[in-house]
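> Sequence:
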Amino acid sequence: MKKSVFIVCLMLCYTGFAQQWHYTFDAAQKQAASENKNILLVFSGSDWCGKCMELERIVWQSHEFKNEAEKRWVLLRADFPQKKGMPEPVDINAENIVLAEKYNRNGFFPYIVLLDKNGRILGKTGYEEFENAKEYLFLLKNL
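Using numbering that gives the first Met the number 0, the first residue of the sequence shown is number 0, and each one after it goes up by one.
To be clear, the hints were calculated from the coordinates, so they are not data collected in a lab.
We put the beta carbon where it would ideally sit given N, CA and C, even for glycine.
Treat the hints with care, as some may be off.
Simulated DEER-style distance windows between Cβ atoms [as the list claims (entries may be wrong)]:
id, residue 1, residue 2, range
1, A32, V97, 15 to 23 angstroms
2, P88, H62, 35 to 43 angstroms
3, N92, K70, 32 to 40 angstroms
4, R119, K140, 15 to 23 angstroms
5, E127, K65, 17 to 25 angstroms
6, S33, P88, 30 to 38 angstroms
7, P88, N35, 35 to 43 angstroms
8, Y22, G106, 13 to 21 angstroms
Keeping only pairs whose Cα atoms sit at most 30 angstroms apart, straight-line, the calculated DSBU-like set for lysine-lysine is [as the list claims (entries may be wrong)]:
id, residue 1, residue 2
9, K29, K133
10, K50, K116
11, K82, K50
12, K82, K123
13, K29, K65
14, K70, K50
15, K123, K29
16, K65, K101
17, K29, K140
From just these sequences and the hints, can you work out the full model?
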C-alpha cells in the first residue's frame, strides 16, 4: 500500500513539472487560442544538431524555462532527427516539413519562431551564445 501511494505521489510530482510540447500546429494553435498565449515554435535536430542538444539540456529542461513557458507560451516542436543508415523517403505532408516550408525555408537549426495564436510571426532567432537558461529566456521574452 505504501509503495502504491509513493508511486502515485511521484507521478503527480512528475506531471506537475513536465512540459507539454505539441508536435502539430493545429493542437498548439487550439491551445494558444483557448489560453490567449503565443506559440513558441522550435526547429530542432534532436539527435545530430549539437546546438539543439545544448538548448534542450540547458534551456528547455530548466526549471526557469518551464515556469516561464507555462505562463507565456504554447510549445511546438518541429524535430528533424536523422537515423543512422538509409534515410527514409521524405513525406512532404509530414507536419514538421509543412512547418519548415512555412516558417524555416532556409533550414536553420536550431531555429526558434515566436508566433501569435493565429500563426503570424512575431519574432525569430537562431542559436545565441548564453551562459544559462535565464539569459536565453531574456532573449525569448524580447523577440
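> Take the hints in turn and mark each one as holding or not.
Okay, the hints, checked on the actual structure:
Between A32 and V97 the Cβ separation comes to about 19 angstroms, which falls inside the hinted range of 15 to 23 angstroms. Here the CB-CB span from P88 to H62 is close to 40 angstroms, well matched to the stated 35 to 43 angstroms. The hinted range of 32 to 40 angstroms is satisfied by N92 and K70, whose Cβ atoms lie roughly 34 angstroms apart. At about 18 angstroms, the CB distance of R119 to K140 agrees with the hint of 15 to 23 angstroms.
Checking the proposed 17 to 25 angstroms range against E127 and K65 shows it holds: the Cβ atoms sit about 20 angstroms from each other. Separated by about 36 angstroms at the C-beta atoms, S33 and P88 satisfy the suggested range of 30 to 38 angstroms. For the pair P88 and N35, the beta carbons lie near 40 angstroms from each other, so the given range of 35 to 43 angstroms is met. Distance hint check for Y22 and G106: the Cβ-Cβ separation is about 19 angstroms, which falls inside the suggested range of 13 to 21 angstroms.
With a CA separation close to 28 angstroms, the supplied pair K29 and K133 stays within the 30 angstroms bound. For the hint pairing K50 with K116, the CA-to-CA distance comes to about 27 angstroms; that is within 30 angstroms, so the pair holds. As the CA atoms of K82 and K50 are separated by approximately 18 angstroms, the hinted pair is consistent with the 30 angstroms bound. Distance check on the hinted pair: K82 and K123 sit about 28 angstroms apart at the alpha-carbon level, within 30 angstroms; holds.
With a CA separation close to 20 angstroms, the supplied pair K29 and K65 stays within the 30 angstroms bound. A threshold of 30 angstroms between alpha carbons decides the hint, and for K70 with K50 the separation of about 25 angstroms falls inside it, so the pair holds. For the hint linking K123 to K29, the alpha-carbon distance of about 21 angstroms falls within 30 angstroms, and the restraint holds. A distance of roughly 27 angstroms separates the Cα atoms of K65 and K101; the hinted pair therefore holds under the 30 angstroms criterion.
With a C-alpha separation of about 22 angstroms, the suggested pairing of K29 with K140 holds against the 30 angstroms cut-off.
Figure legend: structure checked against the earlier numbered hints; every hint is met.
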